[in-house]
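The whole structure should be built from the sequences, with the hints applied where relevant.
There are 2 protein chains.
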Amino acid sequence: MKLLEERILKDGKIKEGNVLKVDSFLNHQIDVELLNLLGKEWKRLFEKDNVTKILTIEASGIGIACIVAQHFGVPVVFAKKTQTKNIAGDTYKSRVESFTHGKVYDILVSKEFLTPEDRVLIIDDFLAKGSALEGLSKLVIDSGATLVGAGIAIEKGFQNGGALIRGRGIRVESLAIIDEMADGKITFRKQN
Amino acid sequence: MKLLEERILKDGKIKEGNVLKVDSFLNHQIDVELLNLLGKEWKRLFEKDNVTKILTIEASGIGIACIVAQHFGVPVVFAKKTQTKNIAGDTYKSRVESFTHGKVYDILVSKEFLTPEDRVLIIDDFLAKGSALEGLSKLVIDSGATLVGAGIAIEKGFQNGGALIRGRGIRVESLAIIDEMADGKITFRKQN
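Protein chains in written order, with the working numbering: chain A, 1 to 192; chain B, 1 to 192.
Honestly, the hints are just simulated from the structure, not real lab data.
Here the structure is a predicted model, which means the values were calculated and not measured.
Hints should not be assumed to be uniformly reliable.
To be verified - Simulated crosslink set (BS3-like; lysine-lysine; CA at most 25 Å straight-line): (1) A:103 with B:93; (2) A:81 with B:15; (3) B:15 with A:111.
To be verified - Some chain B residues well away from chain A (every beta-carbon gap over 12 Å; in silico): (4) 10; (5) 182; (6) 185.
Even glycine gets a Cβ: it sits at the ideal position worked out from N, Cα and C.
Structure representation (structure tokens):
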């Protein structure tokens, strides 16, 4: 998506260890207007899939998911990273490794919010090694719901997450795929 | 706000320790349509305040804040709970105690996203003892920005946070204020 690529080039910053900082518009400060344009594009891409629920993971996925959900007219469910007093009862659980934060944690969703009747679109801000997306996919599959696919804002195409997940037959629609970040220069993958 | 009160009565559940569970529509599964109605109401209440930024705290505040921000046409900034690789450089910092999670943590906002020119509306899902709201207010004040006020979805009026924050001259607009939760019965404060 041209508009997102241009925004990354304009406002993104490359930090040590191939960390792309997009915190001025995506995951610290949030440009809600931009999110609406992403939402519109995913709606176009998944228009015929009868999505009934948007699934994401706290924290930075939530804002995107909520704006996107408006375009589909469905609720959002966000997977939680810790067991709190507020999430009691039966949950679906899977394990996620965060390379940005350098830790492994469980993610949880209450069983009442994912049912076999659901057709789920996963939304997240980043796809790199694919651990979060894999964990979220497992929650959907465990619930018996149908996984329609995943909408990712920015995919790091030089890491293996996208290939891994697509290799399992899961449809992944990333609106910007970065094939290379070298010497402060970002190269995007050509997409239709 | 009648509609929110009715939704709490219909779908809220009271758990041990005066925990109100609203995770079917507010902070695990999210009813985005409802959030839009809350956003419309806060827009009415803060219409004349020339809000330039919505500030919230991860995680459950983010979805509400993003939907609300659409009504004001401004960006969201969410305070982060941990220092990660993605939030480098100068930050405003304050300390928050979470009674739900039973821990104390720092919250951070990059200095570049709160400036003296900003007029900030804080948005959050809950107000109980007021620690999160106090921490967020401190970030705004430290930045030199103007704190326009706070929009809270559900205030626990039987705890002292609301009185504490209002006592400091900060405008707090809670769309539902619960004065009592006893024997599974919820009593709301009458508001205009």
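Here's how the hints hold up against the structure:
no. : hint            : result
1   : A:103 with B:93 : holds (23 Å)
2   : A:81 with B:15  : holds (21 Å)
3   : B:15 with A:111 : holds (18 Å)
4   : 10              : holds (15 Å)
5   : 182             : holds (19 Å)
6   : 185             : holds (20 Å)
Checked against the numbered hints given earlier, the structure satisfies every one of them.
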